[in-house]
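> Sequence:
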Amino acid sequence: MAQSSPITDLSSLNKKEIAAFLDSFDTVISDCDGVLWRAAEGPISGSPQTINKLKSLGKKVFLMSNNSASPLERYVTLCEKMGMPISKENIITPSAAVAYYLKEQNLENKKIFVLGTSHFMDYLREAGLHCSENGPYPIVEDLPSLMRELSNLDSDVGTVVIDTDPNINFIKMMKAVQYLKKPDCHFILAASDVSAILTKDLNLIGPGCFSALLEKFTGRTPIVMGKPEVYMVHLIEKIHPLNPSRTLMIGDSLDHDILLGSHCGFQTLFVLSGHGALEDATDENNMPKYYLNKLGDLLPLLSSQ
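The numbering used here applies: residue 152 is where the sequence shown begins, and numbers increase by one.
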């Protein structure tokens, strides 16, 4: 990136400029994986401490992740282990947005066919929604067995939801296809991520890939709950008023975190500790206002405030 970049390197600001930066926002919404920790490696140096410092300076902090595969309690426990305590109410994932949307659409009495983890389905059930039974399915190796499985459909299903599902298989996908043939069946994609980075050498296939397959096969387009769509922001607004110009969105993904911030009129901080690169910031629609190599680089600048 040329030196004339419109993106400000926060680490280059002097004490007075950092003070002005801090005075410009009241609320922080931070992504998790790639910003605060790496899934298979633990906390990113200084990042949890930076969140704690922002809270001590009076900032309201929310964590927002596109990962609903784990229960919120795991996020709470993980944050506590890193010395960064946060309440469950301040952690927002697509599962909460799905539950909110379905209730908003008065679909509590219809069942949900979920391609996702048991934790995801447990969240929906705890929210008062009903999930259709979905496996485990027997191994099928002949056409009669396959036809028998695909004819065993739940007539009460009114929504298909796709999220991360480590146990996804042909039968699950084909059942989703059968349900989506009904014009009044809702189609929801929890998060559009096409990959989830575990380590430098291991990326998992994300729910966006499976959704793309269903979209192509059925001609249906899902409603997306996760970033960069704004549904999860609406959940924050239900418990905490947001002034967009005084809200800071922190993330490592231009296409999800920074684009969401741009959609909402937030200030945006792009960190390079995840899977994004500064050279990729060429689109004015997801051009961050600030950047740092990692969030922890902000900590020494805050220590004098």
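Do not take every clue at face value.
Only pairs whose alpha carbons sit at most 25 Å apart, straight line, appear in this in silico DSS-like list of lysine-lysine [to be verified]: (1) 333 <-> 261; (2) 232 <-> 210; (3) 389 <-> 210; (4) 204 <-> 261; (5) 166 <-> 261; (6) 351 <-> 332; (7) 440 <-> 204; (8) 206 <-> 166; (9) 204 <-> 239; (10) 389 <-> 367; (11) 210 <-> 239; (12) 333 <-> 323; (13) 167 <-> 254; (14) 333 <-> 389; (15) 440 <-> 167; (16) 206 <-> 239; (17) 333 <-> 206; (18) 261 <-> 206; (19) 262 <-> 166; (20) 239 <-> 389; (21) 166 <-> 211; (22) 333 <-> 254.
Quick caveat, the hints were computed from the structure, so don't treat them as lab data.
> If a hint holds in the structure, say so; if it doesn't, say that too.
Consistency of the hints with the structure:
no. : hint        : result
1   : 333 <-> 261 : holds, 14 Å
2   : 232 <-> 210 : holds, 21 Å
3   : 389 <-> 210 : holds, 18 Å
4   : 204 <-> 261 : violated, 45 Å
5   : 166 <-> 261 : violated, 56 Å
6   : 351 <-> 332 : violated, 39 Å
7   : 440 <-> 204 : holds, 21 Å
8   : 206 <-> 166 : holds, 19 Å
9   : 204 <-> 239 : holds, 19 Å
10  : 389 <-> 367 : violated, 35 Å
11  : 210 <-> 239 : holds, 17 Å
12  : 333 <-> 323 : holds, 16 Å
13  : 167 <-> 254 : violated, 47 Å
14  : 333 <-> 389 : violated, 33 Å
15  : 440 <-> 167 : holds, 18 Å
16  : 206 <-> 239 : holds, 16 Å
17  : 333 <-> 206 : violated, 48 Å
18  : 261 <-> 206 : violated, 41 Å
19  : 262 <-> 166 : violated, 56 Å
20  : 239 <-> 389 : holds, 15 Å
21  : 166 <-> 211 : holds, 22 Å
22  : 333 <-> 254 : holds, 20 Å
In this structure, the hints that do not hold are numbers 4, 5, 6, 10, 13, 14, 17, 18, 19, in rising order.
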